[in-house]
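2 protein chains.
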Amino acid sequence: MLKKNKDLTKVMLRENEIPQRFLNLNFYLNKYLGKLPPPPLHPGTKKPVGPEDLAPLFPMELIKQEVSMEEYVEIPKAVREIYKLYRPSPLIRARRLEKALKTSARIYYKYEGVSPAGSHKLNTSLVQAYYSQQEGVKRLVTETGAGQWGSALAMACRFFGLQCLVYMVRISYEQKPYRRVVMELFEAKVIPSPSKQTKMGRKFLKANPKTHGSLGMAIAEAIEEAVKDKETKYSLGSVLNHVLLHQTVIGLEVQKQFKLIGDEPDIVIGCCGGGSNFSGLAFPLMVDKLAGKKPRRRFIGVEPKACSSMCKGKYGYDFGDTGKQTPLLKMESLGSDFVPSPIHAGGLRYHGIAPMLAFLHQEKLIEARCYGQVEVFKAAEVFAQTEGIIVAPESAHAVKAAIDEARRCRARKGKVIVFNLSGHGLLDLQGYEDFLQGKLK
Amino acid sequence: MLKKNKDLTKVMLRENEIPQRFLNLNFYLNKYLGKLPPPPLHPGTKKPVGPEDLAPLFPMELIKQEVSMEEYVEIPKAVREIYKLYRPSPLIRARRLEKALKTSARIYYKYEGVSPAGSHKLNTSLVQAYYSQQEGVKRLVTETGAGQWGSALAMACRFFGLQCLVYMVRISYEQKPYRRVVMELFEAKVIPSPSKQTKMGRKFLKANPKTHGSLGMAIAEAIEEAVKDKETKYSLGSVLNHVLLHQTVIGLEVQKQFKLIGDEPDIVIGCCGGGSNFSGLAFPLMVDKLAGKKPRRRFIGVEPKACSSMCKGKYGYDFGDTGKQTPLLKMESLGSDFVPSPIHAGGLRYHGIAPMLAFLHQEKLIEARCYGQVEVFKAAEVFAQTEGIIVAPESAHAVKAAIDEARRCRARKGKVIVFNLSGHGLLDLQGYEDFLQGKLK
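Protein chains in written order, with the numbering used here: chain A, 131 to 571; chain B, 131 to 571.
A few of these clues could be false.
Given that identical chains are not distinguished, each listed pair holds provided it fits within a single copy or across any two copies.
Taking lysine-lysine pairs in the DSBU-like style, the calculated list, with each CA pair at most 30 Å apart, reads [as the list claims (entries may be wrong)]:
{"no.": "1", "residue 1": "K176", "residue 2": "K424"}
{"no.": "2", "residue 1": "K545", "residue 2": "K360"}
{"no.": "3", "residue 1": "K194", "residue 2": "K232"}
{"no.": "4", "residue 1": "K136", "residue 2": "K214"}
{"no.": "5", "residue 1": "K389", "residue 2": "K442"}
{"no.": "6", "residue 1": "K336", "residue 2": "K419"}
{"no.": "7", "residue 1": "K454", "residue 2": "K214"}
{"no.": "8", "residue 1": "K424", "residue 2": "K569"}
{"no.": "9", "residue 1": "K454", "residue 2": "K389"}
{"no.": "10", "residue 1": "K326", "residue 2": "K165"}
{"no.": "11", "residue 1": "K136", "residue 2": "K389"}
{"no.": "12", "residue 1": "K424", "residue 2": "K454"}
{"no.": "13", "residue 1": "K329", "residue 2": "K423"}
{"no.": "14", "residue 1": "K214", "residue 2": "K329"}
{"no.": "15", "residue 1": "K229", "residue 2": "K268"}
{"no.": "16", "residue 1": "K194", "residue 2": "K545"}
{"no.": "17", "residue 1": "K460", "residue 2": "K161"}
{"no.": "18", "residue 1": "K176", "residue 2": "K545"}
{"no.": "19", "residue 1": "K140", "residue 2": "K207"}
{"no.": "20", "residue 1": "K419", "residue 2": "K268"}
{"no.": "21", "residue 1": "K207", "residue 2": "K389"}
{"no.": "22", "residue 1": "K569", "residue 2": "K319"}
{"no.": "23", "residue 1": "K543", "residue 2": "K423"}
{"no.": "24", "residue 1": "K340", "residue 2": "K543"}
{"no.": "25", "residue 1": "K333", "residue 2": "K508"}
{"no.": "26", "residue 1": "K336", "residue 2": "K214"}
{"no.": "27", "residue 1": "K508", "residue 2": "K268"}
{"no.": "28", "residue 1": "K340", "residue 2": "K358"}
It should be emphasised that the hints constitute simulated quantities derived from the structure, not laboratory data.
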């Protein structure tokens with residue numbers, strides 16, 4: 131049986147194997163490392179923020195999850211019911227890619243693009259919409275870069291009967307018009323950011339009327355909108371502990387899938403904007419490293435050169451938004467005013483990285499790597515031509531790193547590489563068009 | 131176990147349950163009905179065409195399959211290897227849709243959009259590319275409407291090392307520019323049809339310089355190109371027996387999936403352009419009807435009002451292309467010169483229907499139904515908002531029929547409805563945009 135399973139190309143789990151609980155890395159950091167990422171600080175008092183500081187923004191259950199020290203957090207039944215539409219997602223052995231690379235590595239990818247929203251983002255948007263609805267919230271407001279997160283939240287809001295307002299980074303709004311159509315089909319309202327709808331937006335536009343926008347600006351507008359109205363809460367697609375927590379459903383499934391085929395990953399790879407898809411894959415697989423059972427297992431977070439907070443940022447307290455309204459987060463950051471160039475991987479255009487990931491990077495538990503846009507699309511082209519899937523420009527960063535690692539394995543004993551294919555690129559084809567025509571910078 | 135399986139939302143099979151053989155309906159028509167669809171005729175002699183007539187167009191193995199009377203046809207191992215990327219595809223219970231409709235029906239959809247090409251078309255393009263490569267063909271040339279077929283053939287050609295040339299119906303080329311990008315990413319050459327590249331194209335353009343094009347015209351150009359060059363063959367995405375045969379992998383899986391959950395379909399639905407996705411789902415499920423075991427099982431083929439060959443066409447011999455180069459096919463046809471209006475469901479803009487389906491329709495083994503574009507998009511909107519999936523405009527026709535059938539079940543004992551969700555609509559969002567803005571006709 132074991133040998134036979136090892137020959138699988140697509141490792142599927144059954145519906146009843148969808149995890150029932152998320153895994154909370156803080157529990158293990160405390161247990162094995164004896165320390166935790168520094169807490170968010172109130173920008174006025176410089177003291178750790180309490181639940182009451184966050185209550186205007188988030189439902190209480192998510193605030194509790196944000197600071198939870200429990201080992202596991204239960205996944206609501208209503209959320210698992212919708213997970214069944216696409217979870218467990220497949221773990222696929224990239225056999226044709228391996229062959230094309232002439233590598234001795236075994237390359238696996240976890241394919242989150244099977245989600246009806248097209249990416250891993252639905253894993254958390256469903257939880258956030260569910261708890262918002264449970265606590266009587268009427269509307270969620272958020273920002274989106276490439277639109278993956280906005281689509282996922284719009285869909286989740288529609289499922290749970292909430293209104294949804296999305297500030298979409300202007301350059302993405304223009305590059306990816308069909309993302310807006312997707313959100314509107316789910317009855318969300320979409321506004322290009324910076325906009326004239328908010329004080330913050332007007333300020334950003336005054337400073338630079340032609341700005342491409344950034345996630346930091348869009349967050350600022352969304353937060354301003356959320357605090358104005360008691361029945362509206364804010365929803366974030368990455369960075370915060372509770373968001374990363376919800377994504378661990380990915381890695382928990384991957385663990386079961388590797389067990390099924392009797393294999394184990396040596397190298398774990400994901401792209402990093404705020405860091406949620408990478409964390410979701412990595413955290414469950416990191417427990418064994420923390421426990422000393424897999425000390426040589428490597429974790430690689432991949433960023434764009436145009437916006438590389440882990441590779442080039444400074445570790446310290448900074449604001450999460452360009453409006454300087456959020457609590458101070460201890461992260462590796464390029465500065466909350468940083469406006470990255472308009473690369474196609476709009477989801478990676480965030481000035482900081484999740485405090486949890488910055489901490490792990492500082493602790494040398496994860497490695498950071500960054501690539502330029504053209505080499506990333508080149509890797510995506512190789513992947514499409516061998517595995518058939520057109521990946522999102524964000525996910526293409528993980529593909530590039532996986533290919534590089536696999537190439538290093540050519541001569542040596544094969545390593546096992548797993549990367550998170552966080553979403554498909556079917557709404558990002560302008561980027562591919564520019565790449566094919568040699569117009570990418 | 132049985133009860134538990136009946137509660138499944140997403141019915142998955144294991145990789146080793148991918149069918150090893152296609153099912154040939156002709157075997158069963160001969161066995162149970164004692165008659166067969168009339169054969170294609172040579173337009174000159176009016177006699178049945180022989181293998182030598184088709185040899186300039188198709189590889190010999192596919193010609194053999196076209197006339198095979200065997201019960202099963204083996205699926206090549208190399209093809210099954212690639213099927214593993216997305217097959218077995220899920221059968222999903224549309225629980226939230228059922229709830230929204232307040233129906234007592236159980237609605238299932240077979241989701242072929244999980245294919246990396248985005249639709250069922252890859253099921254046959256892989257087989258066609260494989261046998262072409264085996265027989266020394268260097269290049270395949272084809273036509274495409276909405277681009278689903280062109281994408282699938284481009285991908286298959288890239289996997290098997292063949293060149294690929296696609297004539298894309300001009301209106302779709304303009305409506306869906308990103309489909310071209312997908313094909314080009316797989317190194318196919320894409321030409322809007324009618325074009326100045328072929329005699330036929332020049333003739334069509336001369337007759338109407340502003341023509342939207344049609345599948346019939348694009349087929350004519352592709353065939354002209356194929357017969358010019360010995361190392362080039364023509365490839366068709368629907369209509370012919372061997373194409374329908376390859377799609378039976380869908381229905382064979384569905385049979386296993388229903389067995390797993392201990393349920394059985396009463397009503398089987400698919401959209402029909404040439405008829406391949408409907409046939410793929412329906413044929414395996416029709417065997418029990420032919421055998422008298424399921425005499426009341428219904429089969430419904432759904433067409434657009436704008437191009438409804440089964441509902442409005444004439445049953446008789448007609449050409450498969452507007453250039454009148456193909457053998458005469460006995461089908462229900464609107465006439466090989468018919469140019470349908472530019473609806474978004476470009477894949478359904480074919481003047482005829484597969485001879486096998488026309489025959490089944492005439493024998494009253496299947497029912498035909500047709501819908502207008504707006505009601506179809508309305509159904510797609512309901513489906514997206516309940517099930518999350520944005521379906522292709524073609525597949526939306528099947529959604530509409532499934533919803534109508536389910537509504538009729540409200541008061542009565544629940545029927546089991548299964549429809550083929552043949553592809554996603556992520557490259558058809560202009561249609562949704564037009565629908566949302568009330569611009570659709």
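- Among all the numbered hints in the text so far, which are the ones the structure does not match? When the structure is compared with the hints, numbers 1, 2, 3, 5, 6, 7, 8, 9, 10, 12, 13, 14, 16, 18, 20, 24, 25 and 26 turn out to be violated.
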